[in-house]
Structure formats: C-alpha cells, structure tokens
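Based on these hints, arrange chain B on the given structure of chain A.
Protein chains in written order, with the working numbering: chain A, 382 to 688; chain B, 382 to 688.
Bear in mind the hints are in silico, worked out from the structure with no lab data behind them. One or more hints might be untrue.
In silico EDC-like links for lysine to aspartate or glutamate, alpha-carbon gap of 16 Å or less [to be verified]:
(1) Lys423(B) with Glu458(B)
(2) Lys581(B) with Glu498(A)
(3) Lys581(A) with Asp610(A)
(4) Lys581(A) with Glu498(B)
(5) Lys536(A) with Asp610(A)
(6) Lys481(B) with Glu426(B)
Bear in mind that the values here come from a model prediction, so they are computed numbers and not experimental data.
Next come the chains, spelled out residue by residue.
2 protein chains.
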Amino acid sequence: MMENQQDWVAVDWGTTHFRIWRMHGDKALEGREASCGLLSLKREEFEPTLKEHLHGWPTESPVLMSGMVGSRQGWQEAPYLFLPVSLKDVAIGAVDVQTKDLQRKVHVLPGVACQEESRPDVMRGEETQMLGLGAGSAEWSGMICLPGTHCKWVKVALGQVQQFDTYLTGELFSILRQHSILRHDLEAGDVDAEHPAFAKGVSTGFVESTPLLTSLFRVRASSLLLDRDPVANLAFLSGRLLGEELRSATQNIEKTEKIQLVGGSSLTKLYARALSLVGREVDLHSGDDLVRLGLTAAWQFLYPQTE
Amino acid sequence: MMENQQDWVAVDWGTTHFRIWRMHGDKALEGREASCGLLSLKREEFEPTLKEHLHGWPTESPVLMSGMVGSRQGWQEAPYLFLPVSLKDVAIGAVDVQTKDLQRKVHVLPGVACQEESRPDVMRGEETQMLGLGAGSAEWSGMICLPGTHCKWVKVALGQVQQFDTYLTGELFSILRQHSILRHDLEAGDVDAEHPAFAKGVSTGFVESTPLLTSLFRVRASSLLLDRDPVANLAFLSGRLLGEELRSATQNIEKTEKIQLVGGSSLTKLYARALSLVGREVDLHSGDDLVRLGLTAAWQFLYPQTE
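The following block holds chain A by itself, in its conformation from the complex (with noise of 0.2 Å):
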C-alpha cells in the first residue's frame, strides 16, 4: 500500500496538556506545545485556541486530533465505540469537528467503551497509544499495559480490542498521600522501586496476605509502633497497591505471554519493576513519541492514499 504523504497536522488534546505537530506523511517537521487543557478552555475556546497554534503552518491541511477534546466536556463529542472494536475502526471512526472560522477538515478520534453492565468501562486517549505501537495491524495480538492515573490493561486480538479493565491504582496512591493519615508517614520524594519495602508491598497485595484496607491502616501502625521511615512507608504502600492490581490484572494472562508494557509515564519504571517481581515479562516500549505514532497510523487508516 502507497503511504499517504500529504501534509497534515497531529494534536494531542487533554485534560492539562496541548501539543500539535505539522506533518509530512509519517514525519513530524515541526512540533509546539502549551498548557491549554480542556480544564483551562471554554467550549467556544477551542477553535481559537486551535488556530492560534497552527499560525504560519500550511492553510489546508486537515487536522486529526486525539484525547480528552473529543470528550463530552471537550470541543466536540466523538462518542465511544463498543467493544470488540478493531483499532483500524476507532480511526476510520473520527468524527468531523464542526468549525466557524476555520477552513480545513478538523477531526477527531473515537474513545473506546465497554457496555457490558457487569463490567463498563471507557478510555479516551489509549486507543491513539495503542495504534502507535502497531497495535491496529489485522496481524496484532497481545496483552498491553498503559500506567497513568489510571491504568489500562487491554486484550488486543488480531488489531481488535476485545476487554480491558481500569486501575485506579494511581490516583489511590496520590490521594492517600496527600490527604489521608498516612500523608504524615510518607516520604515526599518519588518512590524508590529498589528499596526492600517496595518489593514486600508488591509481595503483600499479589498473595493478599493482608488485606488491602488493613495494609493501609499498617502503614500507619508500622510509623507508630516500628519506626519504619518515611522513605519504606512510600516504597510499601505504593508496591502494595501495585502487587494488589497485579493480582488481579495478570491472572489470565498465559506465563509465558510477555506483557507489552508502554512507556513516557514515571509510573513505568515502577511497573516493570513489580512485573519482575511477580515473575512477568514485558516489553517495553517507548513512549515519549507514542502519541504522535498512533495519529499518524490513523492517519493512514483515514486517508489510506494519495496517489
């Protein structure tokens, strides 16, 4: 298949962040960003603020965006699709975003939903990662693992999503930091992935050997009663967390099956590091460029030709 080698331009659009690259085909010429989340704009805001970004940029090319814009509370709705749901599909689905001002085709891609009563879920944002990995190839399987706030595990099938399941592991560990009683026997700094307490924790929550609402009273007790220091406290309580969704986020998944693990959050370094913990492989993958790959493999999926 020829490669589409049109100009264009990517955006990645959410919740605190902007950044916006003009392209050629698959190259990135130029690159800016700012600090214009969805949570600093108002809806009649965004064209503005698009505009303004792509000042001295080609006037025709057409824009793909990806993320939280394409929220409710973003520029325009692109509502979800359902699984099972092929990666190639969230492309193709990107919706027209209606403009006044500007005179170019502006999209924006489809989050990913699950409507099972038993088990709803939704991701905005992830699909983009995963189709910069390669996921949306018809020839893709695996298992992949994107940390953030919350953290996604997804089942990929021959480019289809087929489950996934969201973690709040993380925004758990930020708020019992900041605002529980456990925020005066928590060091201050990043967590130490190769301290001992780290690796207890990760051992704690994988087996439950104790329960998770005890664990987090323990950190306490342990201040109280052992003197463990601050800098232990952290590394337990965030391994603990980490062995807690391990548990239950690896259970299906064959030993042998490596987990592709994607990276550009600090979070991953701790992932990975309670990963081989609990005896899993992965493969990591980068993901400072993650974003960008995956506008530009729907890209491709959207305009599959030039010539």
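Just chain B, lined up with the frame of chain A:
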C-alpha cells in the same frame, strides 16, 4: 465484691471532642462537653483546660481519662500495652499524669497494640468502649466490630484481647468522595443502605467479583455509560468498600457466632445492613454511653473497693 462508691471524674478526650462527667460510683451526676480536642491544644494547655471544666465540682475527686489524650501527641503518653492483654490489665495499667496545679490524682488509660512485625496495629479509645460492653469480665468472649473512620475488629476471649485488625474503610470512603475523580458522580447526602446498589456493592466486594481498584473506576464509567444516578453511585461505593472489609474480617468467624456490633457511630447502621446482607447475625450494642460505661468499668478495676 463491694463496688466503689467514691466521687470521681470521667473524661473522654479525643482529637476533636472533650466530654467530662462528675461521677458517684457508677452514676453520672452531671456532664459537660466542649470542642477542645487535641487538635486545638498545645501540650501546656491540657491541664488548664481540664481545670476549667472541673470548675465547681468537688476538688479532691480523682480523674480517669481515656482517648487520644494519652497518645504521644496528647497531654502525657500512656504507652500501648501489647497483645495478648486482658482488658482488666488495661484498666489497672492507667498511667498517673503529672500535674502542676491540680491537687488530685489524674489517670489516663493506655491504648492497646499488636507489635508482631507481620501485623502491627494500634487502638486507643476502643479498649474503653469494650470495657463498656462488659468485655473486661473474665467470662466474656466474642468478636467485636467497632465501626468508625478506622473500623476495628477485635477478638476477645475470657476478657483478654487476643487479636485485632483495623480497616481504613471509612477514611477511604471519605477521601474518595472528597478528592477523587468519583466526586462528581456521588450524591452529597447520606448513604442509603436500603438502595439496591448498596446490596450490589456489598456482594461485589464480598465475593470480589470485580477487583476493588477496578470497581472504583467503574463508578465513574457507570455514570458516563449507564447514566447511573449519584444516589446509586454513593450507595454502591459504600457497599463495595464494606463488602471488601467484610470479606476478610468475617472469614475466620464461625457462621453461627453472633458479631458484637458497637453502635453510636452513624456508620453502625451501614455495618448492620451489610452484615445482614452477607448472612451474619449481630448483637447491636447502643454506643452512646459506651465510653462513660467503659471508664466506669475501668474505674472499678482501678479502685476495687472503698470500705
């Protein structure tokens, strides 16, 4: 045994509350309360505060206090007694508090702790409530559930505390409600324990049909996809956390054994409902006077006779 009929003073002094009673033997003749908890006091302010609230009462009656006033952050630390420990020994282990002006004896009850490295845990205040239940009697045995921000499950055999576990359930519910992404999806009022979503939450947690960290995110996803209303979401979240707690807290309790549920907290009715949903019977104990009754029981152990 002839009971002690002396005049004395009972004090329940926690992080945010202060209650004091003028006692004659086991009778409360007069009570006062104030909001001068630990959080509002410097160390040197405890004695003047107590003195102020003793105003007009007999000047020689000894004082027995319970609660966080005996913690390291309180007036004077009454170090934890370690498991296994009889509740009678907790009572007679009351520590003499050093005073400057007050010309009377002032005692504070110690807390109880488990120092095993695999299950460190602490309580301070609950030992007094258990004394109020009568659990200090050498004939008393049972499993006691004391709901609260940090719920305690305590195994007592023949008046001796043998084992206990603390669950962070109440605090976790509160911080998820205030600080997590779920906050927009949750009703602001009280939990409706009769709502079908509460029962669904309890059963989901009790059999762990969905992992906790996934259940939490699904509260959000349910709002987005299934239009589940905030009242149902709140009931589900509360039930889900309680079900998680009960799954482990009840696993080593014989099905035929009634659980001794301590009332007084607004959480008690939620625990009663959740326990009933998982097929457990309870003896519900009124909690309003439990601390005063516990101080009275402790007093009788401490000053066993007067004539």
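Right, here's what the structure says about each hint:
1. Taken as a hint, the Lys423(B) and Glu458(B) pair is honoured in the structure, with Cα atoms around 14 Å apart against an allowance of 16 Å.
2. Restraint check for Lys581(B) and Glu498(A): satisfied, since their Cα atoms lie roughly 12 Å apart, inside the 16 Å limit.
3. For the given pair, Lys581(A) sits about 15 Å from Asp610(A) by alpha-carbon distance, which is consistent with the 16 Å threshold.
4. Restraint check: the Cα-Cα separation between Lys581(A) and Glu498(B) comes to about 12 Å, which is no more than 16 Å; the hinted pair holds.
5. For the hint linking Lys536(A) to Asp610(A), the alpha-carbon distance of about 39 Å lies beyond 16 Å, and the restraint is violated.
6. Proposed proximity of Lys481(B) and Glu426(B) is supported: the alpha carbons are some 12 Å apart, at most 16 Å.
In summary, the structure is inconsistent with hint 5 from the numbered list given earlier, while agreeing with all the others.
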